[in-house]
Amino acid sequence: MRAVTIVPREADSLRVQEVPDPAPAAGEALVRVLESGLCGTDAEITAGLYGAAPPDSPYLILGHENLGIVESAPTGSAVTPGDLVVSTVRRPCPEGCLPCRSGQNDMCLTGHYRERGIQELPGFMSERYAEDPAYMVRVPRHLRPVAVLVEPMTVAQKGLEQAFRIQQRMPWEPRHALVLGAGPVGLLAAAAMRLRGLEVTVASREAPGSPRDELLGQAGIRYLSTETIPAEELRQRLDRLDIVFEATGAAALIGPAVSAVGTDGVCILASVTEAGRKTTLDLGAWNRQMVLGNCVVFGTVNANRRHFEAAVRDLETAEERQPGWMGRLITRRLPFTDAARALVREPSDIKTVLVFAGGC
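According to my numbering, the sequence shown is numbered sequentially starting from 1.
Check each hint, because a few of them may be wrong.
To be verified - Ranges between beta-carbon positions, derived for each pair:
1. D56 / L109: 22 to 28 Å
2. R313 / A52: 29 to 35 Å
3. R321 / G82: 27 to 33 Å
It is worth saying that the hints were derived from the structure and are not from the lab. Just so you know, even glycine gets a beta-carbon here, dropped at the ideal spot from N, CA and C.
When you get a sec, could you build the whole thing from the sequences and use the hints?
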């Protein structure tokens, strides 16, 4: 079969090449890949910044955002041939820490987990893959056009689930939310909070009247451009913010994100920033605000099966309430053989998807 591969830690090593067909082990299902989405993680791995191949392979098959159809499955398993599925990304550590033993690999204590398409496991940018059905989540057929968004949607699902659990510390009825960043994760987080009845504002660098501004407006989400309103002034411009969701990946915006949180509010840090970027922060004022305002700030990464299932439910609700809106987040679909071209961002890009097979 063919797959999109890279040599870890080696820049510009991306290739589409023939690789051995997967041989399902006992208890595993065989899945034909339909689509795989691209994100910043794939670009960084391709640039040689990180990533690790399986121990017995010189290359890593790229891709962690996925959608496929089951071709064969063990008798009595949770999936059957013909099922549309999305697979989770992270696998438990060999030490079997408490979170991993509990099915919450996303909270691994040791850091020795493996991740498909990222760390020591082949990814989903191949024509087929084999996997334990325990890591697969079924998707309704009518969500086929948007189901590749399930994995990026899980980032928002986990962050919001944790925020609502943390906020059980008190009576809490969140009304206003701010999302920093209008990339795929930021837009999906905004949509998820809008589905929960919050008034949502997204702040990003795009100019007012941009396609993203228009797209958000169609979903009843307000857009503010940081080109005209500095991020530091957002708190003064908006109603008390119950939730702030930071999804920019820009270290300089972490301070404004935290500072924007209102009394009894929560700030979700969902992007990984590059080390070494320095910025100025008034820690005294920051601490005063956090303490006197009973505020919470926390980080979140990856997701487990529960969040994948929640993502499917939210996509279904979104399609019922506003058919076609989620699909507009996918701005380019290209054959997987054009992977190198797909990784070159275009100004209008939101989510780029590689197509491996048509139909279901």
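Cross-check of the supplied hints:
1. D56 / L109: 22 to 28 Å: 27 Å, holds
2. R313 / A52: 29 to 35 Å: 33 Å, holds
3. R321 / G82: 27 to 33 Å: 28 Å, holds
In summary, this structure violates none of the numbered hints.
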